[in-house]
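Using the sequences provided together with the hints, build the complete structure.
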Amino acid sequence: MINPALLREFQTVLGAENVFTDQADLLTYSYDAAVLAAVVPALALRPVDSESLSRVVRLCNENQLPLTVRGAGTNLSGGTIPIRGGVVLLTNALDKILEINSEDMYAIVQPGVVTAKLAAAVEAKGLFYPPDPGSQAVSTLGGNVAENAGGLRGLKYGVTRDYVMGLQFFNAEGESIKTGSKTVKCATGYNLAGLLVGSEGTLGVFNEITLKLIPPPARQKAMFAVFNDMDRASETVAAVIAHRIVPATLEFMDNFTIRAVEDFSRAGLPVDAAALLLIEVDGHPAQVEEDAGKVEYLCRKIGADSIRVAKDAAERDKVWAARRSALSALAKLKPTVVLEDATVPRSKIPEMVRAIQDISKQCDISIGTFGHAGDGNLHPTILTDRRDKEEWERVEAAIETIFDKALSLGGTLSGEHGTGIAKSCFLEKETGLATIRYSRRIKAAMDPNNILNPEKIIGYSNTR
Amino acid sequence: MAVLNDKRLNEEDEMPKIKALTKLMQELEDQLVVCMRCGMCQAVCPLFRETGLEADVARGKLALLDGLLQEMFKDPQGVYDRLNKCLLCGSCAANCPSGVSVLEIFIKARAILTGFMGLSPARKLILRGMLSRPEIFDRAAEWGLKFQKIFTRPANEIIGTSCARFVSPLLKDRHFMPLATVPFHRQTASLNTDKGRSGLKVFFFVGCLIDKIFPQLAQDVIDVLNYHEVGVFMPQKQGCCGIPAISSGDLKTFNRLVRYHLEIFDAEKFDYMVTACATCTSTIKKIWPMMADKISDSIQTKVDEIAQKTLDISQLLVSKVGLEKGGIEDSNTAVDVTFHDPCHLKKSLGVAAEPRALINANPAYRLKEMPEADWCCGLGGSFNLQHYKLSSNIGKLKRDYIKASGCSVVATGCPACMLQISDMMSRSADKIVVKHPVEIYRELL
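These protein sequences, in sequence, are chains R and P. Take the first sequence: its position 289, counting from 1, is numbered 290 in the working numbering, and each next residue is one higher. Take the second sequence: its position 158, counting from 1, is numbered 196 in the working numbering, and each next residue is one higher.
Fair warning: there could be bad hints in the mix.
[Unchecked claim] The calculated lysine-lysine pairs, modelled on DSS-like cross-linking and capped at a C-alpha distance of 30 Å, are: (1) Lys340(P) x Lys118(R); (2) Lys324(P) x Lys333(R); (3) Lys390(R) x Lys427(P); (4) Lys332(P) x Lys162(P); (5) Lys390(R) x Lys358(P); (6) Lys118(R) x Lys406(P); (7) Lys97(R) x Lys123(P); (8) Lys333(R) x Lys123(P); (9) Lys406(P) x Lys126(R); (10) Lys97(R) x Lys434(P); (11) Lys332(P) x Lys275(P); (12) Lys118(R) x Lys213(R); (13) Lys406(P) x Lys162(P); (14) Lys358(P) x Lys340(P); (15) Lys112(P) x Lys390(R); (16) Lys349(R) x Lys157(R); (17) Lys97(R) x Lys427(P); (18) Lys441(P) x Lys118(R); (19) Lys118(R) x Lys162(P); (20) Lys333(R) x Lys434(P); (21) Lys441(P) x Lys97(R); (22) Lys434(P) x Lys118(R).
Just so you know, the hints here were simulated from the structure itself, not pulled from any lab data. None of these values were measured; they are calculated from a predicted model.
Structure follows, in structure tokens:
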């Protein structure tokens, strides 16, 4: 329970309409897109400007109230679940694009701006903001930065981290902290932006984000290659990279996913194919032609059964519509969908794909695999029903085996979904205990009362 | 069930009461579990765009129903209020990656919760006292007509709206389409004509709004059907399709209306059932079959048969009859018209090309798309009565899109959308005419 005097203070700071105390409202801020138990917060608050945002953070700290910042709540690792109750802070009233500067190619946004809205606004000015996480139609930039979100274009254009030039955020005391700059180069102070990106709201609360923009590619060319042998498809991925070609996107779909997509969308996909690669190269027209030719050659040489190059924008859209519907198509098959994102060095893709198939057989569960093969970030998608306890145990075992395999191949537990709650207990496997202790000391120094999204990433204890 | 009706409930009595509700809600479990909480509905929910509140978007509402079912909390009233704050536009369902049957869940949950909490007295009076009895409804509308002249004055001549003469808590600052002086059923009580060269006979389901507010539109439908020599069966004393009742969770009135109409339908053989109201079509085609199992198996069979035969007028004309082609458009004189997709046509039934084909058939018009033509107009039936400000804000966005098209006519295939759009355009003093695609097509013949 929040004490009444504090509640009144929140109401004074934010206006009563931005303070939510009804059980029914609070229940709707108890979950995100991760398959984890919901936890209902004690209070939800929606600041409408920087000043009230800072005051809310300070009040939470003074009253030792846990504070979980929530954008669109599309997180896949439980980062927005208020695991210790307390306050859920909504950013969606902080939704202004403050500046798009075409000359210096940057944008300054509030944390609640929806990713796709910024992308569209930037495009209208003839510029390009590349990070395109799957949830971009609703996800917020604050959330993207806090989770270091990726997307389909990671291979060539990088991820959210690569576009954060500067941050202005509030520390636990509600003081304004500035890091980075609008300039391309900036060599002053600690690189706090580097630390804050992907910190999942555990180290500070974003107020303004400065993002790098780039010129858009002049031309794109998309194609899809059909393989009757899974290994050949994954070998092709490795070969494309080895031949120094960097496609904008290089996506993979296994047979299970192909069939699901075809059943769902009747797009004319080859349902007998073992795997599909969807490839897009972009850039200067001459280079696009050359790269596309090389990719086509490699696909055929390694053993694609057929390859189709999109003739125009409509065909290109068709290729990507098929890929975009992959998760939906799989999701329709079973009630519960666990979307994993264990990632390996791209040369290890063939081995990882084989391992996932073996795990699916061993654990007797359905796994559809698709994803960003070009950057080693596959999405083994487990289809199950969380109400089936016995199967759920096998699902958990499978997930752990996938993690172990990814790590043994020199990979990581998460390419783009974050650690959150879902992977915090496995993190030690990837980093070792010393790294976790080091991280906990940073956290303890920055947030002595442990109010900022407690228990995320580094787990329970502050002292271990 | 005795516990449920005990008015002297205290804390200790709450538990069995909630248990009973949980039990009722179990039929929804298999459908609720399909939601994977991805949150993509936030992108398309007209209400969420206005409020930004999770409880207003489908994911939040589904989580609330799930919360009740799992007994995570005990506030059925809180869930009921939030569940009713929804346009039932179906934008979420149409865009749901995992295919959650959002509308079916919401409608069934409204029925369960209404059964549990009871209908409010005002709704009971309107739904049970009036809507469920077509003759009483007709008479009440006639009384309303008499008062209308006293209390209201014209607001916009081009659109034909009225507004309150003096401050009225009921009308607020609405600009509404007045009740027609003579409702359609007073102009043409019934029809039963034979099929001509089309070889088809249809049942024409008029619907309340067309009968009482847009009678000319019913005449347009009849004229078009006559032109194509489609036999028309239109018996007297038709009533309401039941959407106001079922969206208020009033199963009793809804069931009564379904039974009432099934008897009327039985009187004659026909190939298709048509309406010019997207909402009536979608209710008969989608909601009747969804809810009929609550009545009886034999009713379910009949309802399924009717649903199979039910078409929007534009579907009938385009795919069963064949449109008249009106020659080549004169770019100097053609009137620019934009089309608003009613949610109940596009999102519920997947009908979007057919009404546009009706417009395109008439060379006196040139179709120009507005931005986001399928963004909900914000009416949502009783949503407009309960949440007028929100409904207006959503409607204003639609008005801005219509305005942005630069057209002097906006067409839409649902009289409910026509009402909302008229209100919004009139309040902005726009000189844009609101028409139904059938009206535009009839002008050609």
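Discussion item. For each hint given before, does the structure comply? Return the numbers of the non-compliant ones in rising order.
Written reply: Numbers 1, 3, 5, 13, 19 and 20 - these are the hints that the structure violates, sorted from lowest upward.
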